[in-house]
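Given only the sequences and the hints, what does the whole structure look like? Please build it.
In the order they appear, the protein sequences are chains A and B.
Everything in the first sequence is counted per numbering that gives the first Met the number 0, starting at 0 for the first residue and increasing by one.
Everything in the second sequence is counted per numbering that gives the first Met the number 0, starting at 0 for the first residue and increasing by one.
Hint data in this document are derived by calculation from the structure and do not stem from the laboratory.
Keep in mind that the hints are not guaranteed to be accurate.
Listing some non-contacts, in silico: residues in chain A with all C-beta distances to chain B over 12 Å [claimed, not checked]:
id : residue
1  : T26
2  : A202
3  : P210
4  : G242
5  : G275
6  : H285
7  : L312
8  : N314
Examples of chain B residues lying across from chain A (beta carbon under 10 Å, computed) [said to hold, decoys possible]:
id : residue
9  : A55
10 : A60
11 : E218
12 : E226
13 : A227
14 : L243
15 : G255
16 : P256
17 : L259
18 : F262
19 : M263
20 : V266
21 : G275
22 : I277
23 : E280
So the derived label-pair ranges between C-beta atoms look like this [stated by the list, open to error]:
id : chain 1 : residue 1 : chain 2 : residue 2 : range
24 : B       : P256      : A       : R182      : 52 to 58 Å
25 : B       : A114      : A       : Y93       : 58 to 64 Å
26 : B       : D16       : A       : R324      : 49 to 55 Å
27 : B       : D113      : A       : S284      : 23 to 29 Å
28 : B       : G255      : A       : R80       : 54 to 60 Å
29 : A       : S284      : B       : V290      : 30 to 36 Å
30 : A       : P86       : B       : A206      : 51 to 57 Å
31 : A       : D279      : B       : G255      : 32 to 38 Å
32 : A       : E280      : B       : V290      : 56 to 62 Å
33 : A       : A198      : B       : T54       : 28 to 34 Å
34 : A       : R182      : B       : R207      : 54 to 60 Å
35 : A       : A198      : B       : P253      : 29 to 35 Å
36 : B       : Y93       : A       : A59       : 47 to 53 Å
Beta carbons are placed, not taken as given, at the ideal position from N, Cα and C, and that holds for glycine.
In case you want the letters, here they are:
Protein chains: 2
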Amino acid sequence: MESTQLRLARRPVAEPDETTFETTTATLPALEDGQVLLAVRYLSLDPYMRGRLSTAKSYAAPVEIGQVMVGGTVGEVVESRYDGLQPGDLVLSYSGWQSADVVDGAAVRRLDPDAGPPSTALGVLGMPGFTAYAGLLEIGRPQPGETVAVAAATGPVGSAVGQIARIKGARAIGIAGGPAKVRALTEDFGFDVALDHRAPDFAEQLARATPDGVDVYFENVGGHVFEAMLPQLNKHARIPVCGLVAGYNASSAPAGPDRLPGFMAAVLTRSLVVRGFIQDEFTHSHGRDFVRDMGEWVRSGQVRYREDVVDGLENAPAAFAGMLRGTNFGKLVVRVS
Amino acid sequence: MESTQLRLARRPVAEPDETTFETTTATLPALEDGQVLLAVRYLSLDPYMRGRLSTAKSYAAPVEIGQVMVGGTVGEVVESRYDGLQPGDLVLSYSGWQSADVVDGAAVRRLDPDAGPPSTALGVLGMPGFTAYAGLLEIGRPQPGETVAVAAATGPVGSAVGQIARIKGARAIGIAGGPAKVRALTEDFGFDVALDHRAPDFAEQLARATPDGVDVYFENVGGHVFEAMLPQLNKHARIPVCGLVAGYNASSAPAGPDRLPGFMAAVLTRSLVVRGFIQDEFTHSHGRDFVRDMGEWVRSGQVRYREDVVDGLENAPAAFAGMLRGTNFGKLVVRVS
Numbered sequence: 000m001e002s003t004q005l006r007l008a009r010r011p012v013a014e015p016d017e018t019t020f021e022t023t024t025a026t027l028p029a030l031e032d033g034q035v036l037l038a039v040r041y042l043s044l045d046p047y048m049r050g051r052l053s054t055a056k057s058y059a060a061p062v063e064i065g066q067v068m069v070g071g072t073v074g075e076v077v078e079s080r081y082d083g084l085q086p087g088d089l090v091l092s093y094s095g096w097q098s099a100d101v102v103d104g105a106a107v108r109r110l111d112p113d114a115g116p117p118s119t120a121l122g123v124l125g126m127p128g129f130t131a132y133a134g135l136l137e138i139g140r141p142q143p144g145e146t147v148a149v150a151a152a153t154g155p156v157g158s159a160v161g162q163i164a165r166i167k168g169a170r171a172i173g174i175a176g177g178p179a180k181v182r183a184l185t186e187d188f189g190f191d192v193a194l195d196h197r198a199p200d201f202a203e204q205l206a207r208a209t210p211d212g213v214d215v216y217f218e219n220v221g222g223h224v225f226e227a228m229l230p231q232l233n234k235h236a237r238i239p240v241c242g243l244v245a246g247y248n249a250s251s252a253p254a255g256p257d258r259l260p261g262f263m264a265a266v267l268t269r270s271l272v273v274r275g276f277i278q279d280e281f282t283h284s285h286g287r288d289f290v291r292d293m294g295e296w297v298r299s300g301q302v303r304y305r306e307d308v309v310d311g312l313e314n315a316p317a318a319f320a321g322m323l324r325g326t327n328f329g330k331l332v333v334r335v336s
Numbered sequence: 000m001e002s003t004q005l006r007l008a009r010r011p012v013a014e015p016d017e018t019t020f021e022t023t024t025a026t027l028p029a030l031e032d033g034q035v036l037l038a039v040r041y042l043s044l045d046p047y048m049r050g051r052l053s054t055a056k057s058y059a060a061p062v063e064i065g066q067v068m069v070g071g072t073v074g075e076v077v078e079s080r081y082d083g084l085q086p087g088d089l090v091l092s093y094s095g096w097q098s099a100d101v102v103d104g105a106a107v108r109r110l111d112p113d114a115g116p117p118s119t120a121l122g123v124l125g126m127p128g129f130t131a132y133a134g135l136l137e138i139g140r141p142q143p144g145e146t147v148a149v150a151a152a153t154g155p156v157g158s159a160v161g162q163i164a165r166i167k168g169a170r171a172i173g174i175a176g177g178p179a180k181v182r183a184l185t186e187d188f189g190f191d192v193a194l195d196h197r198a199p200d201f202a203e204q205l206a207r208a209t210p211d212g213v214d215v216y217f218e219n220v221g222g223h224v225f226e227a228m229l230p231q232l233n234k235h236a237r238i239p240v241c242g243l244v245a246g247y248n249a250s251s252a253p254a255g256p257d258r259l260p261g262f263m264a265a266v267l268t269r270s271l272v273v274r275g276f277i278q279d280e281f282t283h284s285h286g287r288d289f290v291r292d293m294g295e296w297v298r299s300g301q302v303r304y305r306e307d308v309v310d311g312l313e314n315a316p317a318a319f320a321g322m323l324r325g326t327n328f329g330k331l332v333v334r335v336s
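Below, the structure written as structure tokens:
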């Protein structure tokens with residue numbers, strides 16, 4: 000079987016563009032014992048992927064030039080030489096930006112067909128949902144009556160953060176870009192307050208919307224939202240840091256003044272907790288609770304989600320570049336075949 | 000009885016100087032029931048006091064112009080109308096920069112005469128020692144074989160951090176300014192490595208001294224030590240932040256480039272924990288353990304301490320200004336009378 004593959008052709012200096020990836024076709028090897036052949040149905044596009052295009056020190060090795068771009072996928076088993084999987088089974092795999100893959104059956108996880116649409120395994124019931132769940136509950140620890148703020152709040156992480164915060168009795172402030180997304184924050188996701196970070200007076204709006212300050216700022220964007228948030232942070236505020244997408248395309252340190260000393264002074268004088276994390280460190284401690292809780296919340300409608308589905312692997316590069324600019328609206332997935 | 004008092008006369012813009020405080024004399028009121036008259040024996044000088052001179056948002060209200068400057072003190076009871084205290088008793092009080100004080104007997108803590116010299120209640124067995132103990136053990140959580148780094152390491156916090164780190168099986172890197180202090184780090188306090196932050200190649204020395212990186216950086220200075228430390232921080236490194244003395248006299252944000260985005264990227268990609276704290280939040284959870292553990296360690300010689308005693312309240316302002324420049328050598332206390 001042949002696999003259409005998108006490989007890293009050139010490391011982007013700033014935004015990825017049409018020269019970043021190249022399309023190739025590979026003939027997959029015959030199955031060995033224990034392996035399965037997958038037709039990739041959905042490819043997840045996520046902000047962390049920008050980091051994989053760079054050689055800067057990070058939590059994972061960069062994708063090499065010429066390597067198939069990495070990514071979480073939902074695959075359908077087409078042929079199996081692994082006892083636990085049969086043709087037609089859907090699995091969660093890490094096949095990357097390609098249309099088919101040969102993998103060890105033991106290395107993939109069979110999806111429960113009753114858990115929800117298969118693509119949710121890449122979103123609300125998958126890595127982004129778990130990022131929100133573990134980061135908010137383990138690091139953010141929202142208490143009833145506290146205020147939780149999050150940006151990119153129509154995205155898969157932000158929307159889950161806001162809804163879980165409300166389930167835990169906190170007040171949720173959602174931030175997004177543009178009127179359609181801002182409207183969805185209150186209408187679809189139940190945020191108490193929705194703010195548009197593109198508004199010229201965004202910082203003032205945020206200050207007015209948080210008269211008692213902010214107790215948890217779930218950081219997934221950085222940039223000017225972070226800057227507006229800083230003065231609002233209460234004593235003992237918690238800042239789980241899972242992403243900084245606003246700066247992912249930056250190629251050098253921005254001009255001064257140097258805000259780092261002032262930030263550290265805020266950390267000190269307000270006893271802030273700032274904690275970077277990657278969700279997989281919490282798999283052992285919180286993975287089982289997540290499957291139970293989030294499954295229930297999604298089934299009961301307490302947690303809603305929105306997907307932005309792009310058709311065709313050939314459209315992945317443009318969709319990915321758009322996501323880094325915030326043009327997606329909901330969890331971005333590519334319907335591969 | 001009269002009290003010689005140092006009052007805040009003018010808020011310093013940068014370094015405090017001879018115009019910052021003024022000396023006055025007050026006649027103390029007669030004792031009411033429940034009160035005691037204290038002759039102040041020792042006044043503690045600590046970096047946090049710089050924050051009290053400023054109106055910038057902080058964890059405690061600023062000292063008002065005309066108010067007696069605040070500070071921890073050891074006082075001797077001269078007269079008592081409080082059942083639990085008798086003349087001659089030594090107590091820990093917060094009488095500030097003055098020679099005598101009238102306080103509620105219930106608001107001070109009687110010192111155990113067997114616990115050590117009275118001045119240690121302001122140092123290794125007091126607030127600075129507890130800052131080191133609680134911050135290192137609760138936030139830093141050093142594991143055997145890990146590397147712990149601390150600056151101002153001959154000071155009361157830093158020297159305790161290093162020694163407690165070693166008691167817990169970690170490797171201790173001490174940083175100080177000038178050859179005499181650097182020598183004391185290994186000879187008196189048992190640090191594994193001693194570095195002089197004034198060396199032109201300090202950052203390179205630090206990198207060579209920490210080939211396995213740094214797992215806990217106990218932050219009490221900021222400035223160029225923090226900058227040199229950043230590249231050395233391991234994944235999941237912990238940074239308890241209890242002070243930033245290098246920047247306390249700064250009156251505006253330094254010139255660029257803006258290092259904050261790069262710092263947040265390090266927080267994210269290395270899953271750092273950055274946690275500001277004031278020791279008193281841990282009094283309830285760790286206070287009793289501290290009295291037991293630190294008392295034993297000091298008695299057994301496992302934790303040593305050094306004091307820098309200045310004679311005379313009139314010399315407090317110059318000693319305080321010097322401390323902010325790092326001229327003290329050990330815990331700075333003023334022998335008041």
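Against the structure, the hints come out as follows:
Consistency note on T26 (chain A): stated as away from chain B, and its beta-carbon is indeed over 12 Å from all of that chain's, at 37 Å minimum. With a least beta-carbon separation of about 16 Å from chain B, A202 (chain A) lies farther than 12 Å from that chain, consistent with its non-interface assignment. Taking the minimum C-beta to C-beta distance to chain B, about 16 Å, the non-interface status of P210 (chain A) holds against the 12 Å cut. Its closest Cβ contact with chain B, about 7 Å, brings G242 (chain A) to no more than 12 Å, contrary to its assignment away from the interface.
Distance check for G275 (chain A) against chain B: the nearest CB is about 4 Å away, which does not clear 12 Å, and the non-interface claim fails. With a least beta-carbon separation of about 15 Å from chain B, H285 (chain A) lies farther than 12 Å from that chain, consistent with its non-interface assignment. The non-interface label for L312 (chain A) is consistent with chain B: the shortest C-beta to C-beta separation is roughly 28 Å, beyond 12 Å. The non-interface label for N314 (chain A) is consistent with chain B: the shortest C-beta to C-beta separation is roughly 28 Å, beyond 12 Å.
Among the interface hints, the one on A55 (chain B) holds; its C-beta lies about 8 Å from the nearest C-beta in chain A, closer than the 10 Å criterion. With a least beta-carbon distance of about 12 Å to chain A, the hint placing A60 (chain B) at the interface is violated under the 10 Å criterion. Proximity of E218 (chain B) to chain A holds as hinted, the smallest CB-CB distance being about 8 Å (cut-off 10 Å). With a least beta-carbon distance of about 9 Å to chain A, the hint placing E226 (chain B) at the interface is held under the 10 Å criterion.
Nearest Cβ of chain A to the Cβ of A227 (chain B): about 14 Å, over the 10 Å cut. The hint is violated. A distance limit of 10 Å between C-beta atoms decides the matter here; for L243 (chain B) the minimum to chain A is near 6 Å, and the interface restraint holds. Because the closest C-beta pair between G255 (chain B) and chain A is about 2 Å apart, less than 10 Å, the hint holds. Here the hint on P256 (chain B) is kept, as its CB sits about 4 Å from the closest CB of chain A, short of 10 Å.
Proximity of L259 (chain B) to chain A holds as hinted, the smallest CB-CB distance being about 4 Å (cut-off 10 Å). A cut of 10 Å between beta carbons decides the hint on F262 (chain B): the least distance to chain A is about 5 Å, and the hint holds. Checking M263 (chain B) against chain A by beta carbon gives a least distance of about 6 Å; that is within 10 Å, so the hint holds. Hint status for V266 (chain B) relative to chain A: holds, with the closest Cβ pair at about 4 Å, below 10 Å.
Restraint check, G275 (chain B) versus chain A: the minimum CB separation of about 4 Å is within 10 Å; hint holds. At its closest, the beta carbon of I277 (chain B) sits 6 Å from a beta carbon of chain A; the interface hint therefore holds under the 10 Å criterion. Annotation: E280 (chain B) was flagged as interfacial toward chain A, and the flag holds, the nearest CB pair being 7 Å apart, inside 10 Å. Our hint of 52 to 58 Å for P256 (chain B) and R182 (chain A) is violated, since their Cβ atoms are close to 38 Å apart.
Roughly 59 Å separates the CB atoms of A114 (chain B) and Y93 (chain A), a value that falls within the hinted 58 to 64 Å. Taken as a hint, the range 49 to 55 Å holds for the pair D16 (chain B) and R324 (chain A), whose Cβ atoms sit roughly 52 Å apart. The beta-carbon spacing between D113 (chain B) and S284 (chain A), approximately 45 Å, falls outside the hinted interval of 23 to 29 Å. Our hint of 54 to 60 Å for G255 (chain B) and R80 (chain A) holds, since their Cβ atoms are close to 59 Å apart.
For the pair S284 (chain A) and V290 (chain B), the supplied restraint of 30 to 36 Å holds, since their beta-carbon distance comes to about 33 Å. For P86 (chain A) paired with A206 (chain B), a C-beta distance near 55 Å keeps the hint of 51 to 57 Å intact. Separated by about 35 Å at the C-beta atoms, D279 (chain A) and G255 (chain B) satisfy the suggested range of 32 to 38 Å. Under the hint 56 to 62 Å, the C-beta atoms of E280 (chain A) and V290 (chain B), about 35 Å apart, miss the expected range.
The hinted range of 28 to 34 Å is satisfied by A198 (chain A) and T54 (chain B), whose Cβ atoms lie roughly 31 Å apart. Distance hint check for R182 (chain A) and R207 (chain B): the Cβ-Cβ separation is about 57 Å, which falls inside the suggested range of 54 to 60 Å. With their beta carbons about 30 Å apart, A198 (chain A) and P253 (chain B) fall inside the hinted range of 29 to 35 Å. As the Cβ distance of Y93 (chain B) to A59 (chain A) is approximately 51 Å, the hint placing it in 47 to 53 Å holds.
Consistency note: the structure conflicts with the earlier hints numbered 4, 5, 10, 13, 24, 27, 32.
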